[in-house]
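Whole structure, please, built from the sequences with the hints as guidance.
Keeping their order, the protein sequence lines are chains A and B. Here the first sequence is numbered in the working numbering, starting from 453 and rising by one per residue. Here the second sequence is numbered in the working numbering, starting from 453 and rising by one per residue.
Heads up, a few of these hints could be off.
One copy or two, it doesn't matter: identical chains are merged, so the pair holds either way.
[To be verified] For lysine to aspartate or glutamate, the following EDC-like pairs were computed, each having C-alpha atoms within a straight-line distance of at most 20 angstroms:
#1 Lys566 with Glu577
#2 Lys475 with Glu623
#3 Lys475 with Glu591
#4 Lys646 with Glu479
#5 Lys619 with Glu591
#6 Lys610 with Asp656
I should point out that these hints are in silico values taken from the structure, not numbers from a laboratory.
2 protein chains.
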Amino acid sequence: MGKFITLDGIEGVGKTSNLRFIKELLESSGHSCVVTREPGGTNLGESLRGLLLSHSDENMSPDAELLMMFASRAEHLSKVILPALNNNQTVLCDRFTEATYAYQGGGRQLDVDKISELEDWVQGELRPDLTIILDAPVEVGRARAGSRSAPDRIEKEKDDFFQRVRKSYIELADHYPHRICLIDASLRLEAVQKQILAKLIEHDIIDQVVC
Amino acid sequence: MGKFITLDGIEGVGKTSNLRFIKELLESSGHSCVVTREPGGTNLGESLRGLLLSHSDENMSPDAELLMMFASRAEHLSKVILPALNNNQTVLCDRFTEATYAYQGGGRQLDVDKISELEDWVQGELRPDLTIILDAPVEVGRARAGSRSAPDRIEKEKDDFFQRVRKSYIELADHYPHRICLIDASLRLEAVQKQILAKLIEHDIIDQVVC
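Structure (structure tokens):
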């Protein structure tokens, strides 16, 4: 099986540039990479993403939102992630189930046990080999993200929502230190990338010799 | 709480005309009715129905299909069904979870325990007060439905799929005789409606005096 690496965090913490950085590191180290994202990553998943982020169902029920996230994930696992891992490729995914715990569990305050049930239902025992969470204060993230485009249905939530999302991410890293690591993303890009590199080496994803 | 009545069965067994008949009976008996359908019944649910039945994701994974059915159901319960029941209205729904057991469990041969987990997850203890399943041989249903319109993604399945769907419906009625009843829909419409009327009286949904 290939390695399954996910990158997570609130908006504006630098996911896009660090995703590119990780991909380059992995490829220099000989990994064949599949880079993908959630919600989305498949034709059906992108349609579900459209429904999830559009403003046409502003008040969709939290349970429906959660089930759609996992529907997108089930399709993604079946069509993209598992075939790639079984083909010994490395999958690098922009957001995964940790985002569901953070946004739907923390942000929307849904029962974490209900998320955990769906996680087991959809994923069985599959968990990412390594999840990198880019962490920065909500004000920093929102200031960086704010100018990019009109906020989608989730981005338009208020600051206290994102404070709860961030808190959940931090708690996840505390609870699963062997596979989830928190990176201080409030630092300059080079300093962030240095931490990411160290984590990839520490988790035996890439070889020290590459550096 | 109002009464929750669902009507189910394979294509071509007469759901549309019998739904109208049941609605009229209920209204003559003093019920205030909300008539709705699954998948669908809400703005989001109808969008999900569009994805489920369209041919753009011909081979969507069975797990994704199942989760989307329940996402539509969660929204439907939250926005339409529960508010109506709490308002003492009678909800009459064209297809519900029994269809999921029949189509995804029987037709697609998904693990029934996985469906049951999602049923509990989404519905808690809520079950319809009465489910009427219109039953007819697959050939009869398909012959009647065949000429109506181009088959959607599910209707285009082969006969053995629908044989399994029908078998599941029959088994459901066997397993839950107190709340699910099978009606022989291969008879003439008047004979079918006579059976439906008897079931509504038997289950104390309408009063004999109406007849």
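Could you work out which of the previously given hints the structure breaks and list their numbers from low to high? 2, 3 and 6
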